[in-house]
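Asks: This is what each chain is made of:
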Amino acid sequence: MDTHAHDRRRFLALSAALAATPFLTACGAGFGGDDDKSDGSAADDVTGSFDWKREKGTTVKALLNKHPYTDALVADLKSFTEKTGIEVEYDVFPEDNYFDKLTVDLSSGRASYDVFMLGAYMVWQYGPPGWLEDLGPWMRNASATGAEWDQADFFPNLLQADQWSLKAGAPLGQGGQYALPWGWETNVVAYNTDVFSKLGLKPAETFDELREIAGTIKRKAPGAGFDGMYGIAVRGSRSWATIHPGFMTMYARNGLRDFTVEGGKLTPAMNTPEAIAFTEDWAGMVRQGGPPSWTSYTWYQCSSDLGAKKAGMLFDADTAAYFQAVEGASPASGKIAFHPGPKGPDGSLATNMWIWSLGMNAKSKKKSASWLFLQWATGKEHLLKGAVTHNHIDPVRKSVADAAAYKNKMKNLPGFIETFETVVDQTKIQFTPQAQFFDATTSWAAALQEIYGGKGAESVLDGLAGDLADKVG
Amino acid sequence: MGWRLALRPYLLIVPALLLTCGILYPFGLGLYYTLFDFSASKPQPDMVRFENYETVFTQEAFWNSAWVTVLYAVGAAAVETVLGVAVALLLHRSTLVGRVLEKILILPLMIAPVIAAIIWKLMLQPSVGVVNHLLRPFGLGGVQWTDTPTGALLSSIAVDVWVYTPFVAILALAGLRSLPTSPFEAAAVDGAGWWYTFRRLTLPMLWPYVLVAVIFRFMDSLKVFDIIYALTEGGPGDSTVVLQIRAYLEAIRFQRYSFGISYTIVLWAVVYLAAMVLVKHLGKIQRKAAEVK
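Each protein sequence line maps, in turn, to chains W and P.
FYI, the numbering for the first sequence is 0 to 472, going by numbering that gives the first Met the number 0.
FYI, the numbering for the second sequence is 0 to 292, going by numbering that gives the first Met the number 0.
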């Protein structure tokens, strides 16, 4: 009996030890990182003359966000397979979950997806941990890249936006090319021509005028036959996405910065007297002429309200207005015009951009085939087809923007081409590149909500700057 | 004794052992990670011991989140308990109508909380939402439900109440139906009124069932994520950033893994302590209820 009890104790002890083994193993194994890093790029392995059929029979896995640009890509995938013999399997996720899915997938260190969509801001988050393949060596290797890809054809500010040295505060356009521009958006003002005509309004040339017009529409439009219409749709949810379109564009046009950089050290600059005054004015504009329930507003609500004739103006991505403006898309289609938006005090039309880029997983086992896919997806042939026969507008390539077929398609949208051409050279990422971007901008959006709710801008922004100084410093 | 017979006790504990390991392994690993400064920007981190916890407890953001979490959990659990018991009492007394209502009442529980929150987000939309539309005749059509800190918190609690009150009601109803009839018959013979009977008989005997519902709802409300995130994303400002949302933002959005896990470990400790207290209380209540019976 004693022996039995003794055996049971030994058995339990052994079981406990076995149970603890994976735990202890995990302790020793580190944190899911991969130590087999190589300094050499896989691009160096590609030699000989360029051949689209080089990876025939391979399958590339892509992670895509649900977007009209994605629809254009998927519709044309057959051409890619015919050209290369490479199959593309893809998963499409809605934007609300897309980046969480991508982040978790990349951070796991697996190569579930070879290629994926990402924004330029994500390069600041995914680049430093080594999750993104540097595409520079691929672009420079004539064996890997066909001559017709024509790097010089990209708008230079777009290509530079995905290029970074991975050092906080260092300007874009230096270091590795961590993604390729594929589709983009410039932030401008779109307006309902009917309400402007009825109320005798003209697009705002200054921020003061914009606030005035927003308030006027909210006061007068319902009495002029636009039931429930408010002045201006801008984003307001507690998310980084609230800061980057209209707000950051106007902020930059006022000559304001998110951070100042001295000797590689970042100092938050959202609480300078000028920034405080601007932020107060922006919150005031939303109170006077913005949407009800603004604190939950994402691009989708803003865009829908313009299309549903609930908003007189939209200060957001030109694409958000475009998808409401095309014939038959919404009650307001045919009544939406585009304008670059208010200038800064010195006439600045500095504009913040969003780029849908395509990147490659640094852990991909099919880099050569993935590069062929990226080359095709960002190439002239597919992008022109996407722009003309689908809704892949705002071309990243000059040749597409200049193409007669593209211009012919867009000419029916009042002011679209003129606005695009006016701001294209002044559109760039207005944020300071740094890995804490999402924390900084989410907190910034929360601060904006508090100021909108009536809290003092100075104390709120001082608190924000103090909090961020510890995180980015 | 044959070797098969000797082995049987050990084989019987294997499922429990596997289950325990399945629970303890990720928990232990998470706990271990909190001792490092593991983040996307530092994939090979240094051991920092309890520094993450120190940072958590010295952050104003943590105390704000803790306060919001407690307000939410207490508010939601209290309202759900009162309403749930009231509904159960009503259903217990009625007949055909009660049985029909019982079926309808369970509907919110069949909807995923995140979907319920999205539905309510649309219904609470100030200009096109049905709630303001219904309130308009009473001169209350312009309420900005989620635009103010108090409004956002109350709206979130309201959605929680909408989803989970049926859960409390069903548990309370099951309790009511299992109560012995003789004490009530004796009270009726003695001419006791409804309120007296409810206070002295129904409630003391029903308490154990109600407390089980309270424990479930309080624990769940402390861990809330889906309803609040879908409704307000934690805004306006930080007014509805509960601990789970803070942990999610830190670990997933901002990729400070160790720090994010530290938040969840703190939340686990809070839930564990609260559960211990409540379960201990449940034992006492059960003994008292047995005495009444």
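In case anyone wonders, no lab produced these hints; they're calculated from the structure.
Bear in mind that the values here come from a model prediction, so they are computed numbers and not experimental data.
Keep in mind that a hint or two might mislead.
With a Cα cut of at most 30 Å, we get these calculated DSS-like pairs of lysine-lysine [claimed, not checked]:
(1) P/120 / W/364
(2) W/217 / P/120
(3) P/279 / W/65
(4) W/264 / P/41
(5) W/334 / W/364
(6) P/120 / W/100
(7) P/41 / W/470
Label-pair distances were calculated between CB atoms; the ranges are [unchecked claim]:
(8) P/140 / W/67: 19 to 25 Å
(9) W/332 / P/118: 27 to 33 Å
(10) P/85 / W/286: 37 to 43 Å
(11) W/199 / P/63: 55 to 61 Å
From the three backbone atoms N, C-alpha and C, an ideal C-beta is built for every residue, glycine too.
Asks: Are there hints from earlier that the structure breaks, and if so, what are their numbers?
Replies: 1, 3, 5, 8, 11
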